[in-house]
Amino acid sequence: MLNFALAGNPNSGKTTLFNALTGSTAHVGNWPGVTVDKKEGVYKKLDENVNIIDLPGIYSLSPYTPEEVISRNYILDENPDCIINIVDATNLERNLYLTTQLLEIDVPVVVALNMIDVVEKNNESIDAKTLEMKLGVPVVSISALKENNVDELMKKGYEAAKSKRKAHTILEDTNLFHLVNDCRIAFEAIKVNNPLFHAVKLVELDELETKDHPELVHIVEEFKSTFKDEVFGSDFEAIVADSRYKFISKEFANVKKTTVADEEKVNSVDSYSKSDKIDKVLTNKWAGIPIFLVILFLIFHLTFSENIFWLGKLINSDSFANSEFFAGTIWHEGGINSPGVILQSLLIGATDFLSSVVASWLSSSASWVSGLIVDGILAGIFAVLSFLPQILLLFLFFSILEDSGYMARIAFIMDRIFRRFGLSGRAFMPMIMGFGCSIPAMINTRTLADDKERTATIRVIPFFSCGAKLPILTAIAGGIVTYFGVGNADVITYSMYLLGVTIAVVSVLLMRNTSMRGKVPPFIMELPQYRMPGFKPLMLHLWDKLKHFIKKAFTIILASTIVIWFLQSFTANLRYIEQADPNEIADTEFEDLATENETYKNALLSEEDLEAFDDSGELQVSFSDVMTYYDEIEDEIEQGAFKENVLTPVLLASYDSYVEEINDKDYKDQNDSILAHFGTALTPFFTPMGFGSQLSESGWIFPVSAATGLIAKENVIATFQVLSQASSKVEIEEANTDEEKINAYITLYNIGLDEDGVNAAQATISSTGVNIAGLIAFIAFNMLTIPCFAAVATAKAELPDKKIGKTLVFWLLTSYVVSSMVYLIGTYVWTIAIFASLLAAAITFIVIYNKNHPVYE
Amino acid sequence: MQPIEIIVLILAPSFVLFILSSYIYKRIKGLPTGECADCGLKKASKKLIKYYRKHKKEYN
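Order-wise, the sequence lines are chains A and B. Residue numbering for the first sequence follows this note's numbering, starting at 1 and increasing by one per position. Residue numbering for the second sequence follows this note's numbering, starting at 1001 and increasing by one per position.
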């Protein structure tokens, strides 16, 4: 099978072309450094299949960055049958620099003039024939995004691959050509492949070349002693580079032409391209960052808000169709739901229906079976899946920002700020990828040449909350709003994301001023043109994300929920914990009264509409039917009488039975489970963070949920849901009077009926006694602590040797300190003075120390 | 014991053991575990394995 390599500058469209040719779903980004490693695919439309290799984006074949070394080594050692050099037609001169280097290799080359549609849209054209003549290799105009002419390109490549090509260099007309020729002859003598390329590199005193062939360096040194250029002296590398650019300027100045008749319009100072006009606003020195923060907030608002654009006050029940579908799914009393929340509501409706069907199907089976399947597996999996719409929506928005070209601008804007903290804007790109997943973000740090910068970036990437942490943020934020009635879910979520970013910046500042002091590397980046993201690539990204998420949910998370259910359902001596079920107790008491107590039976019979008994006198309703009937009675007096005669006897009897059961010395509940023992042992460590020993007996739920997040962050909420569903719920309120007993039992009964688990989660929050500061500290801890095992493994692979240990300590320490600060300041506001003083002392010490111990490089 | 109980009793632990053992096996053999989205898809991971086996010498 033939091998074709795709080589070109970053952002020239290599990966877009790769996807178009191979039908693959390789990730496409619009800023440099997205493709770090090689990708392979197969093109099947020619007489024989062709293997396509997508090389990293490079500006030249020098040995300064890992991508350049990878591409160079591949081309020279793997001998591809053809190199397809993708050239961005909107930026011809800059892209042709690499082309001139590729022509010096004895490999067939075909130049693909990509983005030709953008050139035509700008009222310009490129004379491909002239370009072909001057370069001496085939040139094909294509649009990789629209898949125009790509088959023609491959045909040309196939024809070129069938014939040998002799390398040539543009240095033929320069003063150095004689030296290049001498070196070429020397390389041919020692039978080195691609002698011309190696000769030019040797003349430049290329690092890799001089290392591989030290015996030939003397040829260059001897020539150097007698040569001097007016401008560059004897810096041959500079002379060669200058020669290339002069050649490109001279030979290709007239290749690009304008097609607009009115040239004055085109040449006018005010005729900026569309991208430039947009950049004047979006990359403005003062407005750039506020605009970015607004866009980011808008994204979160459209994904999480339950009162979109704060239109809540305009809503009343007459404004919209008064149907169950609209109410709750699309709007509620507080306002109109955002698209993310609407999609989530629809999915929750479907999963709730599924859970109730399964629960009714299993109602006659053993309690542990329905417990495992309904309260364990389904509760855990559906808790995680319910966030899928919002994760996908968030991912879609970020992909749009990325593919449109805006993300590259953010890196440019952020460079100005990041530089003060010891990072270049180039480090911002992997961090932004961290919003999707930490693993590819950490891999992407290979684009950072400086080791210290790379280590610092890898360490802070997990602070940019990935998609897996989103359920934690959303669920807890929603819990704070619902249970405590404070704030908006989208504002809390947005604030927590910003907290992660702030902690990342502070951490980098600390590292770069203490253990990792050094110069910030320069940052040069090409800003691509703005363009409308393609619908197909966006949908392909989402599809990939969806498949991966569902696969993870039904493998790792499913296995975890089964294990968690087992550990919290059995005691240490493997006795199944059969918890008191208030609904079951109420149903039993109701049946006993209805069948054995004549007075009660008569009371039921007097309610003709209830139809409690069938024709043969058999009871045909349950206690939940009775409760539903009670809610539907409109007349207050009738309702009061019904409550006294029908509900009260059952509720009082149920209350006594329930209390008797849970006070039985042999009674076990979730706090006696295996998991509770582990969790209780962990709680002291979490006390400074607000979810440790200060909570009630069932407070171990928080540390256990956090611990399961090490397997996969989605597990935190899945665990929380499993534990909430199966807990012995709220400890039944103490009651002395009949009225208090009735109210306490009704509360307990309704929690048991709660299908979507919201009441269960709220009951759990209530029973543990955690406060708002503790919940926010819980979110902060999960956001900042050690990420999932997969991310840790990736960090270990990407970090320099022996740094993973210190990195793990760094993550633990940061999450511990920040969460403790959040809880302490949130609960005891005066502690802010203590922390401020400590911070000021630390900063003073660091500044004085650095002044007395400068670092020289 | 009801049939559903027997089925659940067999399937649940088997599934957990299967997930755990396949994860450990992949880790030992250096195969993609599927945790990362880039290699999580079967098609991509098979290609990766094929490429690794073809270019094993380079990695060693």
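Treat the hints loosely; a few may be bogus.
Quick list of simulated restraints, FRET-style, between CB atoms [stated by the list, open to error]:
hint : chain 1 : residue 1 : chain 2 : residue 2 : range
1    : A       : Asn573    : B       : Ile1006   : 21 to 27 Å
2    : A       : Leu710    : B       : Lys1026   : 14 to 20 Å
3    : B       : Phe1018   : A       : Ile330    : 39 to 45 Å
4    : B       : Arg1027   : A       : Lys802    : 19 to 25 Å
5    : A       : Gly23     : B       : Phe1018   : 51 to 57 Å
6    : B       : Ile1028   : A       : Leu808    : 50 to 56 Å
7    : A       : Ile330    : B       : Met1001   : 44 to 50 Å
8    : B       : Ile1028   : A       : Asp242    : 53 to 59 Å
9    : B       : Ile1006   : A       : Ala359    : 19 to 25 Å
10   : B       : Ile1006   : A       : Gly617    : 53 to 59 Å
11   : A       : Ile330    : B       : Lys1026   : 41 to 47 Å
12   : A       : Asn513    : B       : Arg1027   : 26 to 32 Å
13   : B       : Ile1006   : A       : Ser766    : 34 to 40 Å
14   : A       : Gly487    : B       : Met1001   : 46 to 52 Å
No wet-lab data here; the hints were simulated from the structure. Note that this is a predicted model, so its numbers are computed, not measured. Ideal Cβ placement from N, Cα and C applies to all residues, glycine included.
The hints, checked one at a time:
A hinted range of 21 to 27 Å for the beta carbons of asparagine 573 (chain A) and isoleucine 1006 (chain B) is consistent with their spacing of about 24 Å. Our hint of 14 to 20 Å for leucine 710 (chain A) and lysine 1026 (chain B) holds, since their Cβ atoms are close to 18 Å apart. The hint said 39 to 45 Å for the Cβ distance between phenylalanine 1018 (chain B) and isoleucine 330 (chain A), and at roughly 42 Å that hint holds. For the pair arginine 1027 (chain B) and lysine 802 (chain A), the supplied restraint of 19 to 25 Å holds, since their beta-carbon distance comes to about 21 Å.
Distance hint check: the CB atoms of glycine 23 (chain A) and phenylalanine 1018 (chain B) are about 32 Å apart, inconsistent with the given range 51 to 57 Å. The supplied range of 50 to 56 Å is broken by isoleucine 1028 (chain B) and leucine 808 (chain A), whose beta-carbon atoms lie about 22 Å from each other. Look at isoleucine 330 (chain A) against methionine 1001 (chain B): about 47 Å separates their beta carbons, and that is inside 44 to 50 Å. A hinted range of 53 to 59 Å holds for the C-beta pair isoleucine 1028 (chain B) and aspartate 242 (chain A), which are about 54 Å apart.
Restraint check, isoleucine 1006 (chain B) to alanine 359 (chain A): a C-beta distance of roughly 20 Å satisfies the suggested window 19 to 25 Å. Remark: the range hint 53 to 59 Å for isoleucine 1006 (chain B) to glycine 617 (chain A) is contradicted by a beta-carbon distance near 38 Å. Restraint check, isoleucine 330 (chain A) to lysine 1026 (chain B): a C-beta distance of roughly 44 Å satisfies the suggested window 41 to 47 Å. The beta-carbon spacing between asparagine 513 (chain A) and arginine 1027 (chain B), approximately 38 Å, falls outside the hinted interval of 26 to 32 Å.
Between isoleucine 1006 (chain B) and serine 766 (chain A) the C-beta distance comes to about 39 Å, which sits within the given range of 34 to 40 Å. In this structure the supplied range 46 to 52 Å holds for glycine 487 (chain A) paired with methionine 1001 (chain B), their Cβ-Cβ distance being about 50 Å.
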